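Student: Each chain, letter by letter, is given below.
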Amino acid sequence: MSQVVTADGRVLTVPPRPRGRHRTVLAWVAVLAVLAVTALTMAPRVGIDADLSAVAGHWRNGASKIVALLAPDWAFFPRTVEPLVQTLQMAVIATAIGAVVSLPLSLWAARPTNPDRWSRGALRVLLNIVRAVPELLYAAVLVAMVGVGALPGIIALVLFDVGIIVKLVSEQIEAADTGPLEAATAAGGTQLQVNRSVAVPDVLPGFLNQTLYVLELNVRASAVLGLVGAGGLGLLIDAVRSFYRYDQLSLIILEILVVVVVIDSASAAIRRRLV
Amino acid sequence: MSVTSRGAGAGTVRSAPAPWDIRMRDVLVRYPNGVVGLNGVDLDIEAGQMVAVVGLSGSGKSSLIRTVNGLVPVTSGTVEVGAQRVDTARGRELRALRGQIGMIFQSFNLAGRATVLSNVLVGRLTHAATWRTLLGTYTEQDKAIAFEALDRVGILDKAYQRASHLSGGQQQRVAIARALAQTPHLVLADEPVASLDPPTAHEVMGDLRRINQELGITVVVNLHLLDLAREYGTRMIGLRAGTVVYDGPPAQASDAVFEEIYGRPLRSGDVLGS
Numbered sequence: 086m087s088q089v090v091t092a093d094g095r096v097l098t099v100p101p102r103p104r105g106r107h108r109t110v111l112a113w114v115a116v117l118a119v120l121a122v123t124a125l126t127m128a129p130r131v132g133i134d135a136d137l138s139a140v141a142g143h144w145r146n147g148a149s150k151i152v153a154l155l156a157p158d159w160a161f162f163p164r165t166v167e168p169l170v171q172t173l174q175m176a177v178i179a180t181a182i183g184a185v186v187s188l189p190l191s192l193w194a195a196r197p198t199n200p201d202r203w204s205r206g207a208l209r210v211l212l213n214i215v216r217a218v219p220e221l222l223y224a225a226v227l228v229a230m231v232g233v234g235a236l237p238g239i240i241a242l243v244l245f246d247v248g249i250i251v252k253l254v255s256e257q258i259e260a261a262d263t264g265p266l267e268a269a270t271a272a273g274g275t276q277l278q279v280n281r282s283v284a285v286p287d288v289l290p291g292f293l294n295q296t297l298y299v300l301e302l303n304v305r306a307s308a309v310l311g312l313v314g315a316g317g318l319g320l321l322i323d324a325v326r327s328f329y330r331y332d333q334l335s336l337i338i339l340e341i342l343v344v345v346v347v348i349d350s351a352s353a354a355i356r357r358r359l360v
Numbered sequence: 048m049s050v051t052s053r054g055a056g057a058g059t060v061r062s063a064p065a066p067w068d069i070r071m072r073d074v075l076v077r078y079p080n081g082v083v084g085l086n087g088v089d090l091d092i093e094a095g096q097m098v099a100v101v102g103l104s105g106s107g108k109s110s111l112i113r114t115v116n117g118l119v120p121v122t123s124g125t126v127e128v129g130a131q132r133v134d135t136a137r138g139r140e141l142r143a144l145r146g147q148i149g150m151i152f153q154s155f156n157l158a159g160r161a162t163v164l165s166n167v168l169v170g171r172l173t174h175a176a177t178w179r180t181l182l183g184t185y186t187e188q189d190k191a192i193a194f195e196a197l198d199r200v201g202i203l204d205k206a207y208q209r210a211s212h213l214s215g216g217q218q219q220r221v222a223i224a225r226a227l228a229q230t231p232h233l234v235l236a237d238e239p240v241a242s243l244d245p246p247t248a249h250e251v252m253g254d255l256r257r258i259n260q261e262l263g264i265t266v267v268v269n270l271h272l273l274d275l276a277r278e279y280g281t282r283m284i285g286l287r288a289g290t291v292v293y294d295g296p297p298a299q300a301s302d303a304v305f306e307e308i309y310g311r312p313l314r315s316g317d318v319l320g321s
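Protein chains in written order, with the numbering used here: chain A, 86 to 360; chain B, 48 to 321.
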């Protein structure tokens, strides 16, 4: 018990702060532990051996590349148009397919909209596997299966999108109030009817929100996927990089930046209308 | 299983189905976490009654009302509504049963982003083909029933508004309309006015009374305010710790009876006032 005097002179008896001391000590121990582990991971032999002195020795190599990146080769623009358009097409198609697949799967993966523990768990394990595999690996394997071009890139992006959308949207469903679902169940609807008539209208804005976010991710990701031959700007990036044309690479990066900014502002405008 | 509307004028939906009675025998509800919701409840509610169930929170009111439509499974004992067993019903049979029992909740439980009409049409789910529900379309007959239900609670003009844009009292009316659209034999209301201000609470209780008196539907309503129970119930059931401690006409329930139900002296918060 401690005493506090208010402005008008009254004395309040304040209850003791619960386990305050212990918590502060624990917090400091945790901070120190994190610092120690971080230092350990960077130490030679034990950790990843991050040699900071290398930065001092080699920074000039990187600097020349940065200088080249600061002077984009504008004349290169016409050759980038077709791959850029292909990248956008891949992103849009993959987002559309991914979204259509993701909505029912999101309902399937969330507890309030799918009370059956086994089927829900099975889908979640599958989605964890889908998310664990990097999209670049999907693309590399798919290029080997279906050949070089946009198709393997699109399939890789769809898998990537489904993994993200289903996780975020199903978590949104689980965080939402289950009262409306209970009411529809009490009115005698099947789970499918309840989900469609009550869960879908309420989850739709969040779902469209994640879809727009994924579209933006796809533009960036599809540029990388080209590195393994899955179409789009990535093929071009790989080509100019192997010729050390950092001025041309700079232009491509600028184009991706512009597209991402445009999508971001467009989705922000759409989102305002949704909410 | 008479869900078809009988009565004057083919095609109209005005005629209410015959009200159901409720029979509970030695009902025990124990939740998975060990809490006992109902402890040996025997109850007969006659068709067409308007029953007020009173008790403090945790007394088993919600458990009682939820065993009637199977939202809460009974651990032992039997529950019958009309001529049907609830406690043994599963799957399609249970859904068909629930489709004939309307339910109203404290927090309205509407899909906030959907229109008022869509919310009321949830009351038609057991009558709608699954493909229609998935496409979001309903038959003209179902829509007519929904509009009529909205008209009955006086908010037909709000049909195409988003449910979340309505006031609390209006939202509870939408919920009542959703229950009415089921053309129910029985309406259950779980603390329907606990989230509303006093004048609105009386309006909503008035709506429930009209459903009972004009349509003849059996109404069971959970309340924790004794003046509402006295005013609107034709019969009062007092619950305490999962057992029935009072059963009789609400008018005869003195303050002493309420103190017995609540297990403590009455406070000013136990009445709504007006």
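Treat the hints with care, as some may be off.
To be verified - Some chain A residues near chain B, calculated using beta-carbon distances under 8 Å: (1) Pro265; (2) Glu267; (3) Ala268; (4) Gly274; (5) Arg281; (6) Val283; (7) Gly291; (8) Asn294; (9) Asp332.
As the list claims (entries may be wrong) - Some chain A residues flagged as far from chain B (calculated, every beta-carbon gap over 12 Å): (10) Val140; (11) Lys150; (12) Ala217.
Claimed, not checked - To list a few chain B residues with every Cβ distance to chain A over 12 Å, as calculated: (13) Val83; (14) Ala94; (15) Thr122; (16) Arg142; (17) Ser154; (18) Ala161; (19) Ala176; (20) Asp237; (21) Pro246; (22) His249; (23) Asp294; (24) Ala303; (25) Glu306; (26) Tyr309.
If you're looking for bench data, these hints aren't it; they were derived computationally from the structure.
All values derive from a computational prediction rather than experimental measurement.
Just so you know, even glycine gets a beta-carbon here, dropped at the ideal spot from N, CA and C.
Student: Now, for every hint given, state plainly whether the structure supports it.
Tutor: Checked hints:
no., hint, result
1, Pro265, "holds, 5 Å"
2, Glu267, "holds, 6 Å"
3, Ala268, "holds, 4 Å"
4, Gly274, "holds, 4 Å"
5, Arg281, "holds, 5 Å"
6, Val283, "holds, 5 Å"
7, Gly291, "violated, 10 Å"
8, Asn294, "violated, 13 Å"
9, Asp332, "violated, 50 Å"
10, Val140, "holds, 53 Å"
11, Lys150, "holds, 50 Å"
12, Ala217, "holds, 32 Å"
13, Val83, "holds, 22 Å"
14, Ala94, "holds, 20 Å"
15, Thr122, "holds, 19 Å"
16, Arg142, "violated, 4 Å"
17, Ser154, "violated, 5 Å"
18, Ala161, "violated, 4 Å"
19, Ala176, "violated, 10 Å"
20, Asp237, "violated, 10 Å"
21, Pro246, "holds, 24 Å"
22, His249, "holds, 23 Å"
23, Asp294, "holds, 25 Å"
24, Ala303, "holds, 36 Å"
25, Glu306, "holds, 32 Å"
26, Tyr309, "holds, 27 Å"
Hints 7, 8, 9, 16, 17, 18, 19, 20, counting from the list given before, are not met by this structure.
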